[in-house]
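2 protein chains.
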Amino acid sequence: MKKKTIITISRQFGSGGREIGKKLAEQLNIPFYDKELIEIAAKESGMDKELFEEEGTRTSRGFHLLGALGYSLGGPLSTMTELSLNDRLFIVQSEVVKQVADQGACVIVGRCADYVLNDRDDVLHVFIHADMEDRKERAIHSYEVDERDIESSVRKIDKRRSNYYEYYTDRKWGAADNYDISINTSTFGIDRSVAIIKDVIENKEL
Amino acid sequence: MKKKTIITISRQFGSGGREIGKKLAEQLNIPFYDKELIEIAAKESGMDKELFEEEGTRTSRGFHLLGALGYSLGGPLSTMTELSLNDRLFIVQSEVVKQVADQGACVIVGRCADYVLNDRDDVLHVFIHADMEDRKERAIHSYEVDERDIESSVRKIDKRRSNYYEYYTDRKWGAADNYDISINTSTFGIDRSVAIIKDVIENKEL
Numbered sequence: 001m002k003k004k005t006i007i008t009i010s011r012q013f014g015s016g017g018r019e020i021g022k023k024l025a026e027q028l029n030i031p032f033y034d035k036e037l038i039e040i041a042a043k044e045s046g047m048d049k050e051l052f053e054e055e056g057t058r059t060s061r062g063f064h065l066l067g068a069l070g071y072s073l074g075g076p077l078s079t080m081t082e083l084s085l086n087d088r089l090f091i092v093q094s095e096v097v098k099q100v101a102d103q104g105a106c107v108i109v110g111r112c113a114d115y116v117l118n119d120r121d122d123v124l125h126v127f128i129h130a131d132m133e134d135r136k137e138r139a140i141h142s143y144e145v146d147e148r149d150i151e152s153s154v155r156k157i158d159k160r161r162s163n164y165y166e167y168y169t170d171r172k173w174g175a176a177d178n179y180d181i182s183i184n185t186s187t188f189g190i191d192r193s194v195a196i197i198k199d200v201i202e203n204k205e206l
Numbered sequence: 001m002k003k004k005t006i007i008t009i010s011r012q013f014g015s016g017g018r019e020i021g022k023k024l025a026e027q028l029n030i031p032f033y034d035k036e037l038i039e040i041a042a043k044e045s046g047m048d049k050e051l052f053e054e055e056g057t058r059t060s061r062g063f064h065l066l067g068a069l070g071y072s073l074g075g076p077l078s079t080m081t082e083l084s085l086n087d088r089l090f091i092v093q094s095e096v097v098k099q100v101a102d103q104g105a106c107v108i109v110g111r112c113a114d115y116v117l118n119d120r121d122d123v124l125h126v127f128i129h130a131d132m133e134d135r136k137e138r139a140i141h142s143y144e145v146d147e148r149d150i151e152s153s154v155r156k157i158d159k160r161r162s163n164y165y166e167y168y169t170d171r172k173w174g175a176a177d178n179y180d181i182s183i184n185t186s187t188f189g190i191d192r193s194v195a196i197i198k199d200v201i202e203n204k205e206l
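In the order they appear, the protein sequences are chains D and B.
Residue numbers are given in my numbering: position 94 of the first sequence equals residue 94, and the series is strictly consecutive.
Residue numbers are given in my numbering: position 87 of the second sequence equals residue 87, and the series is strictly consecutive.
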């Protein structure tokens, strides 16, 4: 296989995907992008940073259909005045994802990066998931989500990610076949999951 | 994690999942079950082997709902007279899956084994998938599927597997979070996929 130097991580809420991405980037000594992408997107577009912070909710029939209407990710912002704010945010963010990928090896968490970078063959696409009990635990301890109705909160955040992903990509979020490898952190733990990903990209000649 | 000695493999048609299972069993020197399970199920139940060969099609509202009606996988065949033939075949087959798992380390391909053995913590559940182009290629060369309408044939077989799985398990076929690890053989190839699975079960202390 072609050497994979860029790693995208999609993840269920509370699965440890972000932590895996961070550790992986540290161990491989390459840049890590999650919220950092927002800073760049805000700076480049002149749009308010806070607008990017909450991944948008679906507001129209399906962004992926816009291609048929003549819009393209590569178009200048000035042609996007008819698009919704969320759609413009997505376009700006996607351009930033492509830019950082052009700069070389890195780890990118979220932002539909698996879809945005789908055409490149130097990217490994990873999905991280975990059993609900572990996700609830992590949500309480790492993200300080309220313990009351914790399962429903976790499911709601997943639902938002799933809606966002499916709106912009027309793919099924969490379907194994969007990714090169999917890993359950309840089975392997965080460190072993990092090791598995490192192993699969480093054994590039096999 | 608990040592994983039993491996279940679910797979998209044409992804190479069966070949991976076979190689894995050879390299680990443990039994391999695919069609072999049918022989055992036919022998034990006295039912015709040919009946088991085509994984059934959906005939009622959802097999997983039968539990609520008092049926259980553990019940004797004599109590199953009200069930459809397909449901009885599934029950017999599931019992055989449990039996071979009780006998120790093995590789089991298909048969909803990931669902049937869900309660055991010594089982690694794997999903194997691949890009459509590679699956078409494998379907033509390994399974002698007619080249005309090959993509539609591949999708039809997947659809049958997916219907069967979802009818009997009430889970989404191919959703990453049913499995411990999911691997794209278009990215890694067959031998590297075998090596990844061996690696994740052998590094059991991490």
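Hints in this document: simulated from the structure, not taken from any laboratory.
A portion of the hints provided could be inaccurate.
Remember, identical chains collapse to one label, so a pair may be satisfied in a single copy or spanning two.
[What the hints assert, rightly or not] Below are the DSSO-like pairs computed for lysine-lysine, each with C-alpha atoms no more than 30 Å apart in a straight line:
| no. | residue 1 | residue 2 |
| --- | --- | --- |
| 1 | 22 | 49 |
| 2 | 3 | 136 |
| 3 | 43 | 2 |
| 4 | 4 | 35 |
| 5 | 3 | 98 |
| 6 | 2 | 198 |
| 7 | 136 | 2 |
| 8 | 198 | 43 |
| 9 | 49 | 2 |
| 10 | 4 | 156 |
| 11 | 172 | 136 |
Everything numeric in this text was worked out from a predicted model, so none of it was measured.
Comparing the hints with the structure gives:
1. 22 <-> 49: within (22 Å within a copy, 52 Å between copies)
2. 3 <-> 136: Between. Shortest inter-copy distance 25 Å satisfies the 30 Å Cα cut-off; intra-copy 36 Å does not.
3. 43 <-> 2: Answer is neither: 33 Å inside a copy and 48 Å across each miss the 30 Å cutoff.
4. 4 <-> 35: within (23 Å within a copy, 37 Å between copies)
5. 3 <-> 98: within (18 Å within a copy, 41 Å between copies)
6. 2 <-> 198: both (15 Å within a copy, 22 Å between copies)
7. 136 <-> 2: Classified as between: cross-chain Cα gap 21 Å, same-chain 37 Å, threshold 30 Å.
8. 198 <-> 43: For residue 198 and residue 43, the Cα distance exceeds 30 Å both inside one copy (32 Å) and across copies (46 Å).
9. 49 <-> 2: neither (36 Å within a copy, 45 Å between copies)
10. 4 <-> 156: Neither. Shortest intra-copy (33 Å) and inter-copy (33 Å) distances fail the 30 Å Cα cut-off.
11. 172 <-> 136: both (23 Å within a copy, 22 Å between copies)
When held up to the earlier numbered hints, the structure conflicts with 3, 8, 9 and 10 and fits the remainder.
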